[in-house]
Each structure stands twice: as C-alpha cells, then as structure tokens.
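Using the sequences and the accompanying hints, generate a full structural model.
Protein chains in written order, with my numbering: chain V, 1 to 103; chain S, 1 to 179; chain H, 1 to 302.
Since the hints were made in silico from the structure, they are not lab data.
In this text, a Cβ means the ideal position worked out from N, Cα and C, and glycines have one as well.
Here are the simulated distance ranges between beta carbons: (1) S:7 <-> V:103: 50 to 58 Å; (2) H:12 <-> S:7: 32 to 40 Å; (3) H:30 <-> S:162: 52 to 60 Å; (4) H:276 <-> V:90: 26 to 34 Å; (5) H:298 <-> S:87: 55 to 63 Å; (6) H:36 <-> S:26: 46 to 54 Å; (7) H:70 <-> S:133: 26 to 34 Å.
Partial selection, computed: residues in chain V whose CB lies under 8 Å from chain S: (8) 7; (9) 28; (10) 37; (11) 41; (12) 62; (13) 74; (14) 76; (15) 81; (16) 84; (17) 93.
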Amino acid sequence: MGIELIMSLIFAAALLGVGIYGALSQTNLVMIMMGIELILAAALLNMVAFWKYLHPDNPAGQMYVLIVMTVMALEMAVGFALAIARFRSRGSVEMEEAVELKE
Amino acid sequence: MIISAQLIFITFFGLAAVWFGIVVFRTYSMVRSAIALLFSQTALGALFLTLQAEFLGVLQIMMMATEMSVMAIFMVMFMMDPGGLGKMDMTHQKRLSIIAGIVTFIAAVAVAVYIDWGPITTVNDAPTIQIKALGIELLGRSMLVFETAGITILTAMIAAIAVAIQPKGNINNNHKEPK
Amino acid sequence: MSVLSIILLIIFFSIVISYVLVLIQHWQKYRKIQLSAPMYSILALLGRESVVPRKADRLFFELGPALLLIVAMLAIAVIPLSPELVMINLATGALFLNAILAYVLVALIMAGWGPNGGYAMVGGWRFLGQLVAYAMLIVMPITAVAMRAESLLTTNIVTSQVGMWNIFYQPVGFVLFYFASMAMAFLPPFDLANASGELAGGLESEYSGVRLLIFRLGHILLVFTLAAATVTFYLGGWLGPYLPAWLWSAIKIVLVAASMFSIGHFVPRIREAQMMSWCWKIGIPLALFNIFLVGVMVVVFP
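Next comes the structure, spelled out in structure tokens:
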C-alpha cells in the first residue's frame, strides 16, 4: 500500500507547516528566508518521494529536483543582496520597520 | 504493514529533519539557529540517500553545508543579538502563524493519505545506471531547461552583485548609525 | 575480505601514515628525527588540564573538534588505497568526498563560535571567507577528472589512469586542486584560521588538553585525506610496477603530504583579499579552461 510513500509525504507536510509558521511569525528578513528554505525543502522531499515510488525509471524527476535546488540557491543569493542593500540604507533589516510605503 | 529497513531510516531522518526545523525557530541564539537549519537539510539529504536518489542526496548535503554557513555569517552581521544571551522575543502575529502552520500541515497530510497514488513500484536500477541516465537526460532531452537554468544563474549573480555593491562615492564615508 | 576487516585495515593504515606525517612536521621544526616525539606530545596533551572558557557555548565548543575528526574519517571511506581496500565504493564517490569536505567548514565555524573569544571567532569566520574563494577550485578539477574516467567511482578514476597519469594529462587541474587542498586543510600559507603569530593561535587558542588533541588529530587526518584524494585523482592511486598496491599508495601519499608541509615555509601567509581576487579572477577561468581542454582531448584522443 506504499506506507513508505505516505510516511515521506507526512514528513514533508510537517516541514511545510514549520516553514510556514517560521515565515509568517518572524520579523527579521534573514529568519523569514530560513522559513522559506524549509518550505522549499519540503517540496523537494515530496518530489523525490514521488519519483522513487511512482516513476523510478524516469530521470526527469531527478532533473526537476536539480532545477529546484538551483533556484533555492539563487533565491538565497538575491535575498541576501537585498538584505545588504537595505541594511546599508536604513541600518536594520527588521521587517516591522519597513513601513515607508504605507499611507 | 511490513516494517522494512527503509521505513525505519525514513522515520529516523524525517523526525530529525522536523525536529531541527523546530529548533531553528525556538532557540534564542542566532548561530545555533543557522546550524540547526544546516543539520535539518543534512537530514533531508540523508533521507534522499535512503530513497536511493544517490546523486541528489550527495548534492543536497554538499550545497546546504556551504549555503547555511553563509547564512550564519549573515545572521551575525545583521541581527541584534547573535549570541542569544538577551533572550529577546522577535516574533509577531503569533496566533495567525501557528494556525496557518497547523492548517497547512493537516491539509497536506489529508492530501497524502486520502488520494490513491496508483501502483507503487519499488525496483530501481543501480546508482551507476541512474547517474548515467540523469546525465544523458540533462544534456539530451532537457537541454533547453539546463541552458535556461544556466542563464538564470548568470542573471541572478549579476543582479545580486549590482544590488549589493557600494555606490562609487561612498566607499570611505559610509558610517550610518543603526536606528 | 569482509567489510569489517577492510575498515580496520584502512583505519590502521591511516593511523600509521598520520604518525609518519607528524614525524615530518616535527622534523621541519627541529631538524631532528625522533621516533617517539608524537607519542610524547599525545601523552603530554592528555595529561594537561582542559581549560573551559567562562561563558562558552558548550554545545559548539565540544562539537567542533569532534566534527572535524568525524569528517576526516568519513572522507577516507570513499578513497581506494588498493583495488580491494575501499570502505564503501559509492557510485558518486568523487562527489561524496567533496560533500563531506564541506563539513570541515561547519566544524571550524563551531570551533570558532564556541569558545566565545575574539581570536577564535575571527579565525573561524576567516576560514569561511577562504572557503568561498577556493570551493570552486576543488569541484571543477574533480569534474575534469571524472570526465576522463566517464564515471564518478573512485576505483574507475584510478583505473582510467593506466595509460597516462592525470598530472600529465591535466596539469592545470592538478595545480589548482593541489593548492585548493592546502587551503582546505588550512596549512601554511593558507592558515588564516589558526595563524600562530597573527591571531594568537586562532582556532587553537582556546582549546587545551583532550580537545586540543582531538583538534590536532582531526587536522592531521584531514591532511592525510586530502593527500590521498590528490594521489587518487591525479597521481594514479595504487598504480606502479613492482611493489604491492598499498605500498605505492603509502609512498605517494607521504610524498604529497610532505611537499604540502614544506611549501608553507617559503611563502608568507596569503591575505584573504588577495586569495579571493586570485581565485575568482585567475583560478575559476583556468578551471573552466581546464574542463574545456579535457573535453576536447577526451573526444580527440580516445
């Protein structure tokens, strides 16, 4: 019945829940990015579990995981560049203080 | 329900990944938070190795070590209390985020348990054949995806450097006080 | 041979070679060969008092040196010392070695942050800055080596060098990998992490007693592992005419490690800014050129 597949999906769901809690509850940009890393890791685990148990002879599953890993790294790089620029102009990266565009 | 060795390893590494993920947001010390995220991703890489995706597992372990260490130094640069000795609480909208986290968890578990995923195959090729097939797929049928990923990496590198570089006049008189 | 006997043989081999390497380091400092010198220093370190800093982060303080030792021993698992003497012949052996060596950085960050002292912390973060510079110079030469062998199995990489060793086939890659290994093992002149004159010992300054022994043991095993990796990828592993395979491995590893130790004496310590500028402006284009050249040669001379 595929108990291993369902266990992997449940752990990915737990990581997704923790990631969403982190991304929504933290005020600092770096901590929000850590939450987003957890969400993407949960998606990767789902993809690998589906590849392994449903289509193990198709290497396109692994290729898709490679592309998502690449995008994770890129998103972190650009996010940290934004953090540097923000810190240089305002002195902190707290998202609670980013209210310049609010009415 | 047959308890196979694979199920034991999946449970162990999965619990380790989730526990380290929770430690990331529960601890007060910032560097411990970054290193906990590193170990969570390593547990995930070990989980990939258990699921016999050898190349992906090793790649995940390698990439996440370097990325999370860079994240550790960014935490020390940008956060107010990297050692965690002040025990500050830096969260907002607590109830909303906990409810959102639990609702997504339950929804995802419901999707996982109640959908019939079809026939489960448990036989794969040896890792050497898998890696060769992945390489041929990446540079054969999916060459366009590979090239697009390459161009995207180059664009992101240029964008990150352009955003983070200091403007020419400010090299030596950039002493803004933090608010 | 059973797996357990292979593992014990490899551990014994690495301990003996590490003893020889410590003898070589001792000879460099004092110009005398004293066969019991490493044993005396082990006993001295075991007997000394272990000082723990006042407000140390205990978890990281204990875990740093232990993780360094574990990393060095895990990395030996995929290196073949002779056709049967390999602990786990992983299908992604060369990449696994690279992945495990990234955890040297994690171990040194923990060892730097743990003692809650200025010199150790600066040493740890300097090592991170170094790694950003030379991490690519370890991966790209390995890619070129795997291209020639058409496989990532370390045994296949060694057997692909039967005709001509990789040091003659890809000399640019050898030079880059050699210097990047010296930087990874924080040997002089890349020893910003535990700079003895400049940072009061850097990472080693706050450790004493048993923890310093584990740190130094991890360091010397790391040098052994990187020398073994250089020999496997570029110097033909166990290949050689008359002697048994493991003896050729041992001789080549000791020669490579001795040369790594001796280069540091003649060159001043390299600053981080210089290292980054050389690695990114000169090193990475050379590594990419090496991959291109090896690709062309593999197609033209099969």
